[in-house]
Every structure is written in structure tokens, then in C-alpha cells.
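Chemist: Just need the whole structure built from these sequences, with the hints factored in.
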Amino acid sequence: MTPRSSPSLGSAATEYWAATCCNDAAAALAVVDAELAAGRDLADVLEHVVTATQHRVGRLWAEGSWSVPQEHAATAVSEYVVRHLLARTDLVGDDRAPALLVACAEREWHALPGLVLATLIAHRGRRVLHLGTDVSTQSLQGALIDHPVRAVLVSASISSSLPFVRRLVEVAHGAGIPTVVGGQAFDVEGRRAAAVGASAHAGDIDSLLAAVDALPVHVPPAPPLRGPRHNEAAMLGRRVAALSRTIVHRTTADDAAWAGLDQPQRVDAEQILADQVPVVVGTVVSALVVDEPGVVGDALGWLADVLGSRTADPAVAGRVLDRLVEALRAELRDFPLALEALASVRTPATTADPS
Amino acid sequence: MSDDQIALRWESRELSPTHRVAPRLTELVADATGDPAGYLNALSRRVPSLTHPSRGVEVFAATLLGDGLASFVQVALHQRHQWFVSAASTDRSFGVHEYVVTRPQSKVFSDLMRQTGAETWVLPPDTPQRAEVLSHLFGTEDVVAEVDALRSATLLITPLRARSRAVGLLVMARPGADYDDDDVAVVEQVADVVAQSLDTCAVVAENRAVAATLRRSLLPEAVGETAGLDVATYSRVAEQDATVGGDFIDLHGPDGDQTLLIGDAMGKGVAAAIAAKRIRSAVRTASLVNRDPAFVMRLTNAVVASETDPSDGFATSICARLRRDGDHLRVALVNAGHPSPVVVRADGGVETVEGHGPALGLLDEVEHTAVVLDLRVGDTLVCFTDGVTEARNDREFFGEERVGQVLAELAGAPAGAAVDRLALAVSDFTAFRDDSDDIAIAAVRVLPA
Numbered sequence: 045m046t047p048r049s050s051p052s053l054g055s056a057a058t059e060y061w062a063a064t065c066c067n068d069a070a071a072a073l074a075v076v077d078a079e080l081a082a083g084r085d086l087a088d089v090l091e092h093v094v095t096a097t098q099h100r101v102g103r104l105w106a107e108g109s110w111s112v113p114q115e116h117a118a119t120a121v122s123e124y125v126v127r128h129l130l131a132r133t134d135l136v137g138d139d140r141a142p143a144l145l146v147a148c149a150e151r152e153w154h155a156l157p158g159l160v161l162a163t164l165i166a167h168r169g170r171r172v173l174h175l176g177t178d179v180s181t182q183s184l185q186g187a188l189i190d191h192p193v194r195a196v197l198v199s200a201s202i203s204s205s206l207p208f209v210r211r212l213v214e215v216a217h218g219a220g221i222p223t224v225v226g227g228q229a230f231d232v233e234g235r236r237a238a239a240v241g242a243s244a245h246a247g248d249i250d251s252l253l254a255a256v257d258a259l260p261v262h263v264p265p266a267p268p269l270r271g272p273r274h275n276e277a278a279m280l281g282r283r284v285a286a287l288s289r290t291i292v293h294r295t296t297a298d299d300a301a302w303a304g305l306d307q308p309q310r311v312d313a314e315q316i317l318a319d320q321v322p323v324v325v326g327t328v329v330s331a332l333v334v335d336e337p338g339v340v341g342d343a344l345g346w347l348a349d350v351l352g353s354r355t356a357d358p359a360v361a362g363r364v365l366d367r368l369v370e371a372l373r374a375e376l377r378d379f380p381l382a383l384e385a386l387a388s389v390r391t392p393a394t395t396a397d398p399s
Numbered sequence: 019m020s021d022d023q024i025a026l027r028w029e030s031r032e033l034s035p036t037h038r039v040a041p042r043l044t045e046l047v048a049d050a051t052g053d054p055a056g057y058l059n060a061l062s063r064r065v066p067s068l069t070h071p072s073r074g075v076e077v078f079a080a081t082l083l084g085d086g087l088a089s090f091v092q093v094a095l096h097q098r099h100q101w102f103v104s105a106a107s108t109d110r111s112f113g114v115h116e117y118v119v120t121r122p123q124s125k126v127f128s129d130l131m132r133q134t135g136a137e138t139w140v141l142p143p144d145t146p147q148r149a150e151v152l153s154h155l156f157g158t159e160d161v162v163a164e165v166d167a168l169r170s171a172t173l174l175i176t177p178l179r180a181r182s183r184a185v186g187l188l189v190m191a192r193p194g195a196d197y198d199d200d201d202v203a204v205v206e207q208v209a210d211v212v213a214q215s216l217d218t219c220a221v222v223a224e225n226r227a228v229a230a231t232l233r234r235s236l237l238p239e240a241v242g243e244t245a246g247l248d249v250a251t252y253s254r255v256a257e258q259d260a261t262v263g264g265d266f267i268d269l270h271g272p273d274g275d276q277t278l279l280i281g282d283a284m285g286k287g288v289a290a291a292i293a294a295k296r297i298r299s300a301v302r303t304a305s306l307v308n309r310d311p312a313f314v315m316r317l318t319n320a321v322v323a324s325e326t327d328p329s330d331g332f333a334t335s336i337c338a339r340l341r342r343d344g345d346h347l348r349v350a351l352v353n354a355g356h357p358s359p360v361v362v363r364a365d366g367g368v369e370t371v372e373g374h375g376p377a378l379g380l381l382d383e384v385e386h387t388a389v390v391l392d393l394r395v396g397d398t399l400v401c402f403t404d405g406v407t408e409a410r411n412d413r414e415f416f417g418e419e420r421v422g423q424v425l426a427e428l429a430g431a432p433a434g435a436a437v438d439r440l441a442l443a444v445s446d447f448t449a450f451r452d453d454s455d456d457i458a459i460a461a462v463r464v465l466p467a
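Note that the protein sequences, when read in sequence, are chains A and B. In terms of the numbering used here, the first sequence has 103 at position 59, counting the first letter as 1, and numbering is strictly consecutive. In terms of the numbering used here, the second sequence has 384 at position 366, counting the first letter as 1, and numbering is strictly consecutive.
Honestly, I wouldn't trust all of these hints.
[What the hints assert, rightly or not] In silico contact screen, one side only, chain B against chain A (beta carbon under 10 Å); selected entries:
| # | residue |
| --- | --- |
| 1 | VAL65 |
| 2 | ALA245 |
| 3 | ASP248 |
| 4 | ASN411 |
Derived by calculation from the structure, the hints in this document are not laboratory data. C-beta atoms are modelled at their ideal positions from N, C-alpha and C, and glycine is treated no differently.
Modeler: The following block contains the structure:
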């Protein structure tokens, strides 16, 4: 979605920001309500006030200005606001009319993108079913039997979710129901969407509704993903947790790489590493599934930025990332195609420091 | 039989021959060897049975149309006093149409379903009867107009039969090319395949509906908005197929004097959920007599002990009475063998609420003593089941210490943030292990009066 400048929403965004910072969900909702009462378009308010605030929260965390709990508390405020807006949309009518089902992939905990999407769809007068975050294949299958569903819309924010998106696509297409995928885990051209077998890809609410209207009533089951790449992805997928722990251990054990950080900074950086390494290993699985090594490079680049700004010493971040990539290569020794994908990855750290 | 239908049958004698312009169905569905079996097998696979019945009829109508068997198709499925109908036409602007069946239409459908095989019906041309016949078969004006516009002289009406009873009705039209006897034989075979799949849809949907009713009765009602309190809950069932588990959360009572209940009945799945439901009911009943948690838990223990064998029927639980007193929340809390709850003070202090009695159902009679807490605005009481503290990775348990660390950073934050953060921390800790236990978390933050 291209952000349009909307200076007239500036004061609302400021008030909303203030409410978010002091964890006052009711005040945040009041800001949104005041804008809606003044005739402002819901989509604009969601984009320029709620989503913009969420991006700012993410940036503050990435820069090291905010702690994870602060980020979570602020996110909870926006989720409260959007949940209320969604609950309020008028969905009376025939509950047998086909609905658009919104689901976040398994292990996706970012509720806000799915909630915003569901709210926008409902606001356009379409029936919507919101299954929430971390949706398992079983719960999607159950929902598809219990409700008439026109299309399944899968939202994914992190690129390590792509294999889990694929599982939901298999379930939906197995029931003959087409899928539309979207979110930051996907590229704008729709290459990854096609690789996971989705019926369509959409980047915003207008292209989404247009895509939905163009979908066939019924799709055949998704052809199975077969071949060495997918075999390796499946094997690696089962070992993400165990490999991640070893990789974190190897990376944090090398004191030389961390030289120059005081104790609190190191604890913070190690925590980020522990949280993010499973995501990085997950992106290796994604890279195999969608045949796109760049997915891993993006994740490593992002991690380098976060470590760089949070440790206030780019040299340390570079060294740590080099150790991380080394450990990743060592632990992926049984996965030749994953190693191949990793070999073509250029991270900011490795390009800046070719030693 | 109604007069309308007698009129309809009378008209059917005036069948006039038409010129064939469409392909014979026997050729359309036959493979290279001239056998329609391949088509029929493929048809049953192309249309999913594990889907909602209204999707089932929609997909079938669209598929038969797409395969060129007709220019117009209407599929109707009858399941437990409910009709699922979908009509589709080759006219792109019409597409697929779903509508609610009217009572007179339902009577016509039921009557036609009693036939054992396909019947060709003649549509009277440009007479009032034509409009009437169409309106009885095709409920909405849109569909009536669509069929009328086809200028079809006849309709082929085939009952959908499965398990030796009629489950629905297939109506097809192909203007300019009536179905001959060979075509009708093919349509009857197609109808059998359609009926089998739709019947499976209906049976699965019916069983799901029964299970969903049970599940709803077992799941805690959503904890809604409560005056002066910011309440958030989380629960995740370990066995996803079961979708119910032994963890329970409940909040009830008048504004300003509420009872919070959280607990964990031994076991997993439906059996545990039934035990949990029984405990919630006992607590609610006892609370009507006396809201003192010591009294409530003494009575609940007696109920659980009298109904179950201690070897397989105990539960851990916390029952807390939350009474408003100005800017304070006075909490009287009884812990029956449950993990200790935590109070997160607005200033960041974290206190573990000590004090345990035996779990529910272990002893026939138990006297509990309530722990009394004083919460102020911004303080949060967090209760959780042992699925949190006993979550494991390959090396160790999540443990109470981690709970304290995670929550300490969330002082003064909304209850939802505390609950989400704790759930996420546990999920990250156990990453990708499949042997997790049920988890329930409840947080109550005191809002200004």
C-alpha cells in the first residue's frame, strides 16, 4: 500500500500516539471514533493513524528505544481498537451467505494486519470470518465445513511463515475453495504467492476485492510440491527449533565477537538473537519452498540493522552476524540445497566485511 | 398434490419435438473407449465432500454447467429442515446464484424428490402457467427470469438419492436440445455421484453441528467488558482435533463484586472438558448462595469428590472474589493445588501469591482459607494453568521465574498485553514441539473507578 500524505489526520495521529504510549486503549478508540464521526474514511484512519502508529512502534523497538514489552503493550492498544471497529461493523443478514475468511498463518502472532483487513472487508459490506492469528490446518478445515466460504485470505507478515501459508492453501484448495494471499511476507509481483500455490495475490483492499470477484467458484486440489528442494524443506522444517538453539549457542559462545558491549547491551542483543534465529532458520525453509534465496538475505539484513542500532556499535553487529552465518552454514551441513541457497546470500555484514 | 402441479403434469403431455443442436451427453462424458465411468469417477473427486453444504451445491452446479451438461443447472440439497440451493447459468452475468427456498417451493421440491428417476417436464410457452411453474421451481425472480430467458421448452428434473432416500433435486435445462433417453441415463448416473458427495457433506456438517453445540456448552463464555476491570484471557488446546480441553476460565457476579475462576481438570480432550464444565457449574451454583471463595471451593470440592474417583478425577483451581472499594480492588483468593498466581504492581513489582490448599476432588472434605490481596489502580492479577510453568523445551521447564520476568516488564500495561506476552513467551520457549499441554491465562487489571 502506498502511503499517501494526509496532513489533516496529523493531529489525530498525534493524539492516538499519546494514547498508545500511556496504554490507554479507550482514549485511542475515542480518537478513531472522533475522526469517523467527522466523516473520515475508515480505510484512511486505519492506514494513517492505526497502521502508521504500529510502524512507528516497530521502528522504536528496532532502534532499541523501546523494549519488547513496551512494543507489546502498544500493539495491544491498537488490537483493542481494531477489534472494536470490527465487532461494530454491521453484519446482519443471511448467515449462510458466503463469507471471505481471513486467517493468519500458523506461528504468525501479528494479529493487527489480519484484523485491519477483516475490518476493511466488513466495511465494504462483505461478510467476513476472522479466524485470528496462528491458525492451524485443523481449525481452517473445521471452519470450511462449518461456514460457506467464498475464498480464504491468508495474511503473513514474516517470510518464515511461507511454508505455513502453503499448508493453509492446501487445506483450502482441498475443499475446492480458492485462496488470496497477502502481507509483508510476499513480493509485490506475486512470485512467492504463485510458489506457494495461491489462487491470487493482493496488496491492498481494492486489489483484494477485485481478485476475489475474479476467482473461480471452485479450484482443484493444490498439486503436491515434490522434489529434492521440497524434501529438504520438510526435513529442515521439523528441525528448526533444535538447530536454532545450537546456532544461538555457537554465536553467543564466541566472546571475541561481542567484545565492546557492556553487560546489559549484550543481554539485550542475545535475547534478540534467541528470538530471531528461529525466524532466520525458518526463512531458509521458506527459501527452499519458494526457491528464492533472497528471503534469507532479507531476514539477515533486517537482523543486522536491528542489532546494529540496538548495540550502538555496527562493528559488533557485523561480527555477530558473521558468526551467525558461520554457525548457520555449519549446522546446515546435512542440507545441501539449503547451503546452496545460503551461499548466494549477500548480507550487509558480509558485504561490508569480506574477511 | 396441489392444483398447480396437476396443471403442470397436464401440460407435460404437449411435448413437441425439437432439433438437436447440443452434443449427446453420452459422447460428452465418454472417454476414448466410449465409457462414461472415467468421467463419473473424476467427478466424485473433483467435488469435495469436506465442505459446507451450500458450497457443495454451488460447486456441483458450477461443475455440471462447466462440463457442458446443461445451459442451466439448479442443485438443491435438503438437510434437517433446511434447503441449500444453488443455480448456475452459462450466461456470465448470471453466474452462480444462491437463495432461500420458500415454503411453496419446498413443497414442490419434496413432491418431485419422491420420483425414482429423471423426468422431463414441459414448460408451457408464454402462458400464465409457465410463470407459475417457473416460480415454483426457482424461488427468486432473478432465477425465474434467467430460466425463462433461455426459452427452453423442457426441464430435466432428477431426484438426488443416497442411502435409499431422496436428499435433493437436480434441475437442468438445455434449450434447443432436449435430453433423449441415452442422455437421461447419463444424467441419472451423474445424479448418483452428486447425491453421494452431497450426502457426505450433509452428514459431516450435521456431525460438526452436534459437536459444535457440545463444544460451545463446554467452552467458557467469552469474558466480556466489566465495569472498572480490564480483563483478558487466553486459552489454547493442546490436541487441536479435540478443540476442547480441561482448562477453564470463568468470570461472573454483579459489577463491583465478581468471582474469577481459572482451573485445569486432569486429562485432555472431551472428558477433561466435561469435568471442567461440571466444576464451573458447581462454582456458579455455590456462588449464588455465598460468594466467599472459601465456601465456594469447599462446596465445589465436595461435589467433585462425590462424583469422581480421586484417581482420575481431580482438578486444580483458583477461585478469587474481586470486590471494588473506591480505587482499590479487594481480592479474596483460594488456591486449590493450582500454580501460584502473580500480582504485577503498577510500579513494576511482581509478587507471587502464596498459599495452597489441596486440589479439588482429592479429599472428601476440605476447609480452605482465603488469601487477601489489596490491588490498586494499574495493578494486574495474572492467573495461569500449569501448561505455562510446565511448558518445556528440550532442556528445561518454562518455570515460575520466567513468568515473573516476562510479566515484570509489563507493569501497568493492558491486561491483553500481559496475556499475549506470556502466551507468546511460552510459544517461543516450546518452539515447534508438539507435546505441549493445554494452556489458559487470565489477567485482571484494575481501572480507575
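Chemist: If a hint holds in the structure, say so; if it doesn't, say that too.
Modeler: Hints, one by one, checked against the model:
no.	hint	verdict
1	VAL65	7 Å, holds
2	ALA245	13 Å, violated
3	ASP248	8 Å, holds
4	ASN411	7 Å, holds
The structure fails to meet hint 2 from the earlier list, while all remaining hints are met.
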